[in-house]
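Visitor: So you can see what is in the structure, the chains are spelled out below.
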Amino acid sequence: MPRISEHVGIERKPKLGGGGPGKIPHRHGYGGGDDGDHDQPDDFVSPKDRLRRYRIGMAAAIVAFSTFFIGIAVSYTLRLGVTHWDEDLGKSVRDAHPLALPYIRLFINSFILIISSITLDLARRGLLAKSEFAVMGIAPPRFKTELPWLGITVVLGVAFLIGQIMVWNILRHQGIYFNSNTRSGFFYMLTGAHAVHLAGGLLVLLWALAASSVRMRFESRQIAVEVTAWYWHFMGILWIFIFGLLHFSRG
Amino acid sequence: MQNPVPITTQTTSTSWLRRYLFSTDHKVIGLQYFFLSLAAVFVGMLLSLLMRIHIVWPKVAIPFLGAIKPENYLAFLTMHGTLMVFFVLSTTPQNGFGNYFLPLQLGASEMAFPKLNRAGFWITLLSFLVLMAAFFVPGGASLAGWTQYPPLSAITAAGPGQGHGTDLWLLSIGLFCLASVLGAINFITTTLKLRARGMTMMRMPLTCWTWFVTAILTLLAFSVLLAAAIMLLLDRNAGTSFFVPSGLVVSGASVAHHGGSPLLWQHLFWFFGHPEVYISILPGMGMTSHLLSVFSRKPVFGYKAMVGATIGIGALGFSVWGHHMFVSGMSPYAGFAFSTLTTAIAVPSAVKTFNWLGTLWRGRIRFTVPLLFSVGFVSLFISGGLTGPMLAQPALDIYLHDTYFVVAHFHLIMAMAGVFAIFSATYFWFPKMFGRAMNHRLGVLHFWITLFGAYAIFMPMHLLGVAGNPRRYSELTGVQYVAAMAPLHKFITVAAIITIAGQFLFLVNFFWSMFKGASAGENPWQCTTLEWRLSSPPPQHGFGNNVPIVHHGPYQYGSPELNGRVAADDFLMQDAPANP
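Chain order of the listed sequences is C and A. Start counting the first sequence at 1; every next residue gets the next number (my numbering). Start counting the second sequence at 252; every next residue gets the next number (my numbering).
The set of hints was computed from the structure by calculation and includes no laboratory data. Computed from a predicted structure; not experimentally measured. For glycine and all other residues, C-beta sits at the position ideal for the given N, C-alpha and C. A few of these clues could be false.
Lysine-lysine pairs mimicking DSBU-like chemistry, simulated, CA-CA at most 30 Å apart [unchecked claim]: (1) A:LYS767 - A:LYS310; (2) A:LYS366 - C:LYS48; (3) A:LYS366 - C:LYS130; (4) A:LYS320 - A:LYS741; (5) C:LYS48 - C:LYS130; (6) A:LYS310 - A:LYS320.
Residues from chain C shown here face chain A by an in silico Cβ test under 7 Å; the list is partial [what the hints assert, rightly or not]: (7) LEU51; (8) ARG55; (9) GLY57; (10) ALA60; (11) ALA64; (12) GLY71; (13) ARG79; (14) THR83; (15) HIS84; (16) ASP95; (17) LEU99; (18) HIS173; (19) GLN174; (20) PHE178; (21) GLY185; (22) PHE241.
The shape of chain A in the complex, shown without the other chains (with noise of 0.2 Å):
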């Protein structure tokens, strides 16, 4: 048995204010984050609870908001998708978590750089504020959808919400990519030098893979939507005709750009937008390979398929971003290799898949609510992924492309499943942030609710796609064939109402548990990696003075017999002696 002594030095010598609130230390920034991605996803969700009840019930009267007119339902619509992605999808798995645990599964006391670690959050809350901020501009929030295509979106005069809200959303989002790329030089300094003695590239834990690669991901995908929304930014502001064409006529005037190529925005976006979905899932992917290795008791199934295929889905993510492109006109030739490698992803992401299901295969699962997160990802991420190389056909994508399909695809994939990644974290890393466990019960309740509630929400969305549904309008109730799906989207609707109210349950457990929940200890999961030896909370500085030096892989869980040595118990920390 090995009983590590938990690791406590504790010098607390600086105000509250730098402690907490300025502080350059990852564990509060990876949690100053984390709440403000947890006030992101809650506006977030909001709009769409309020896009859901004006599709069904249009005419309805929102308290303080009053009727839902079109151009509220379009800015409710970017706004969500923008938050969504951006301060939700991308934040928190990386920054978040990946600020608090990457140092300490690393086995290091702090990032590489902890000032910028710090600028990059204070701009990531700027952006955020920028971003929200453009609901109370004249004429409200943007409407040209979390893609911005342009000409729609780089001329004022082609709706209300394209003056001042689409000219703070650039800003909001030029300002996020400059801390992403903060955040990212961080990470890929922190992962090449800072890990402890012993702890080579093939011991790290599969999460500080994934956080590894998608920090590579960050750092060439988001300059590239900085450049292309800079360009947007003096497309709108200084006369500049990057993405504006020749002869255009908007709302009746003509417009005086000329010479610019609105095609050229897409390919900018996309080759940014597509790697943001790996950005998204990735780390999601992590933490999943890692919990249910964790629960199941048992190593992880193919440790070094996973890396790779961690590096090859990220590689591959590079040479995509056509396929959201099918029907903008271009080449067919160009449509068949985008279609060939986009198909090609599903290999490395079966990779993982059946990685998965050979690791819980045979293992001796614990049924925690970590745990059952963790599967419910799996599930989602086939459920969501099988979709996706239909889509990737071009002849079935040019009629499928705007419906409900598309939406039901990306949000089972993306949204879904890193939620359930996001809530899997949280379950299981809530005792090391706050020393206190959440309440199992909840949890299960929570789960089941948000698993139905996911599934009833956008399984039926590819039966309205199918049919033809298309997306992104706010009211259809004038066209015949769409009129007959009414009671489908009311379901959706429904469906929706109680999902949302579930995550109220995770909401009062979270701050309960944070407060009221019963004392966890430093390794209540019986976990191998090293942050599993600080007292939880961590002490301020880390492992202080003490650093761990590594022995053993990060997964080795469940035999007797690990490495030749008597174990009295079924798993074995990384800095576990080597030679008993």
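Here chain C stands alone, though its shape is the one from the complex (with noise of 0.2 Å):
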């Protein structure tokens, strides 16, 4: 027997607090659990999501990295344009100095940031093709063929970073310092944070390739690889940027 309803009379849809009944929509993974590396029981996440995870943390904290230094940069375009009054001169002169960039080093580092960028990719590819086959269980890919190429990375990472500390010891010989003027202060905390941001990722890198003698799972490792690439990518991208903008504001 149907039930007889309380409000007879008129037929009105009960209101619902957004997101009606209907069909639930086809997603991949679902639930929590954690990294995999340690020891909880409910590691049912996939290693294919698991990826897909730290792919959205790295490119929110690809977001946060390019606020900080789109803040840095933002602050020295203004900054060029103040000027304060000199009583000697009788007018007002403008703070910032001219800068001489070292070009030739310049270059060479941001060919070798590049290049290290395409070496990273290439293990990064190939790691990713070798976790296709893990995901499917097929057999325990091996992580051999790829530690050339994240070997050669690290060792151009070096170099970059080597190339830096190099460029800061040419404008420091023309009596260039962090606290001389404007552009200067603002060359170094560009480029210096770029650095320490690099070797971040380096740091990262090394992990990834020393796990080779520790006992780490082979997503594990790859993972690391992968977000690292994103990472790398950009900095690469932000040392273009900061080249830029360092040319184009040299006075």
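Work from the hints to combine the two standalone chains into their complex.
Guide: Have a look at this one:
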């Protein structure tokens, strides 16, 4: 027997508080779980899903890094217009002094960084292809063939950092220090912050390399290389942006 | 009647230290953040009490401190603001409750990056300890206010707290920025990737929406503050001149820096600082929407509009920072633009306010303590919000900027409303977090004392401000027209003492109920969202392998016929089967 409704007469659909009933959209992966490297029992998330998760995390991190550098870069461009009143000259002068950039060194460094991006991407692609097999559970994939590319990337990354230190030395020999003037301050700030960030990426790569001697799951290393590659490419693009900014604002 | 069996899979194999102290469990981390904020809020409250006493009785000696000197007053002011803004208002609603309940409400068992989460908490704790250490270094804590405007904050000679105290402040805030960004990455990834099957974005509870939007704001705002804090730290310690202008003379000595711009700091700081206001208040708005729906036994009025308003407030929040700088000598055209954009924020805010009232309208309201605090939030949000468009007018702001009017405005809308949201969330989720209910009578008493106290403290400050009483001064007894306002100041101080005393009711209720409260059961408030499917307190591994499948929206309350089905109760759990 049908239930007699209390609401007689008016055919009214119940109001729904957002998102009514409906079919469940298909999507990969759900629930939670840890990142797989420690001892929680509910690690039922597929490696593919973990990879996607780390990619989103890295994308968000890249947004944060961009904001950090854009904050400094915008400050720089604003500061270039600042003047102050000079008593001796009797007029207002710009605070920013022109900066002679060591272009040859900087171009060599840029070249090294671009090449390192390519070598790291070769490693990333190789590991990504292998991870497909790991997902299917066919065989424990070997990490070995990608090791040289990772090694070359680490060497190139270190070379870039050494190159940057040489750039700073060249400026120091010209008597341009961190606290010399507006342009030098922002020059060291931008290149220094970039170098620190790149060194961070380098540490992760070293960890992925060294992990071959530690017992570390293939997927974890593959993910580490994958997201570090994204980060590394971002660092490369950021470097080109910084170089361009420094060039066009050199005075 | 849906009679869900609470999920209680429990496998505890780890040691006590790994389980409760160095845990990667989002619930433990959420509670760690919560208790950190509880410590911070009482320190901050003590500082405000000392300031209020000093304003009214400047000669009175405080035990252990002696008479308060002007530099002490400024140090208290700085630390009160810093503690309350960073370690209470940005920490509790987002990192505390967000960490605990975002995964549970989404049907996930963990945050996306548990280790990152743990790192975030320990960096925040370190940041708190570094900040507190500033009280004990030579010269004491920083004097430059929570906004740390240079050149005062950049020059060591500018005051007693401007040496190590300010360095520690900057270090602490740098660490806090780092921890916040780590947390935000976690929140964004969790929301995007770890939702249970069927939990579409538009089926998320509004709390999750606000945590998500807040995380995006955190990501963008705190990175800029980190850059600014590093530059100021370099100005102080590496001799650079990012923020210190040429030809500055401080304490009779010429400063060696040249070519910097103090205004640049204001732009960078407020580009962070204004979104920070929304970082503090958006999760509170989400909690209020959520609780009003639960206790009115009605769906949220205008769910989609609420989501839109949340996103709108977040987006507009990045384009209005200039309204903090109307008196900095900015171009009138820029002032006009900032003024217009600021006034525009009133639109999504009004959408939210009317939707809250619409949710309450003709609901079958259950007058629980969380509901009282949520209604209190709406009340304070309106009272504090109405002065917002006034201060957004440059012509008015130039007069009111450095007066108590601004103090009243931001304390009502940001501090009091934010704290009311925190209280409502605490009373609401306490049964879930500890398995026991908080005492109702004590809670109601606490609510009325706090509500009357909040209005008694901050409403008269509007009058002080309009009458021209400047803020940030430790003592103005010699000034004729300010001295005339002494009785009002005395009233405010007495109200503050009573209100602060009332907070101990909360503290007693909280800790007493934690151990002795009545057992709560898994769904005492009859809510629909997924965290109430778990036992109270939730098992260590959350849903474990029983991940729920979501079939319904989050606010299915009130109608006996929900989705065309016969429901014996007046609500429908989100994971109730789609077809009976």
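Visitor: Are the hints correct? Go through all of them and say.
Guide: Here is how each hint holds up against the structure:
1. For the hint pairing LYS767 of chain A with LYS310 of chain A, the CA-to-CA distance comes to about 44 Å; that exceeds 30 Å, so the pair is violated.
2. For the hint pairing LYS366 of chain A with LYS48 of chain C, the CA-to-CA distance comes to about 20 Å; that is within 30 Å, so the pair holds.
3. The suggested pairing of LYS366 of chain A with LYS130 of chain C holds, with an alpha-carbon distance near 26 Å, which does not exceed 30 Å.
4. Pair hint LYS320 of chain A plus LYS741 of chain A holds up; C-alpha atoms about 19 Å apart against a cutoff of 30 Å.
5. Straight-line distance between C-alpha atoms of LYS48 of chain C and LYS130 of chain C comes to about 12 Å, which keeps the hinted pair within the 30 Å bound.
6. Restraint check: the Cα-Cα separation between LYS310 of chain A and LYS320 of chain A comes to about 10 Å, which is no more than 30 Å; the hinted pair holds.
7. Hint status for LEU51 of chain C relative to chain A: violated, with the closest Cβ pair at about 11 Å, above 7 Å.
8. For ARG55 of chain C, the interface hint is violated, since its Cβ never comes within 7 Å of a Cβ in chain A; the closest pair sits about 9 Å apart.
9. Contact between GLY57 of chain C and chain A, as hinted, is supported at the beta carbon level, the nearest pair being about 4 Å apart and thus within 7 Å.
10. Below 7 Å, beta-carbon pairs count as interface contacts, and ALA60 of chain C has one with chain A at about 5 Å; its hint therefore holds.
11. At its closest, the beta carbon of ALA64 of chain C sits 5 Å from a beta carbon of chain A; the interface hint therefore holds under the 7 Å criterion.
12. The criterion of a C-beta within 7 Å of any C-beta in chain A is met by GLY71 of chain C, whose closest approach is roughly 4 Å, and the hint holds.
13. Annotation: interface hint on ARG79 of chain C holds; nearest CB of chain A at approximately 6 Å, less than 7 Å.
14. Against a cut-off of 7 Å between C-beta atoms, the interface hint on THR83 of chain C is violated, since the closest Cβ of chain A lies about 9 Å away.
15. Satisfaction of the interface hint for HIS84 of chain C is found here, the shortest Cβ-Cβ separation to chain A being roughly 4 Å, below the 7 Å cut-off.
16. At about 3 Å, the closest approach between the beta carbon of ASP95 of chain C and any beta carbon in chain A falls short of 7 Å, and the interface hint on this residue holds.
17. Below 7 Å, beta-carbon pairs count as interface contacts, and LEU99 of chain C has none with chain A, the closest being about 14 Å; its hint is therefore violated.
18. Here the hint on HIS173 of chain C is broken, as its CB sits about 19 Å from the closest CB of chain A, past 7 Å.
19. Violation of the interface hint for GLN174 of chain C is found here, the shortest Cβ-Cβ separation to chain A being roughly 17 Å, above the 7 Å cut-off.
20. At a threshold of 7 Å, the smallest CB-CB gap from PHE178 of chain C to chain A is about 6 Å, leaving the interface hint in force.
21. Restraint check, GLY185 of chain C versus chain A: the minimum CB separation of about 5 Å is within 7 Å; hint holds.
22. The interface hint given for PHE241 of chain C is broken, as the beta carbon of that residue sits about 15 Å from the closest beta carbon of chain A, more than 7 Å.
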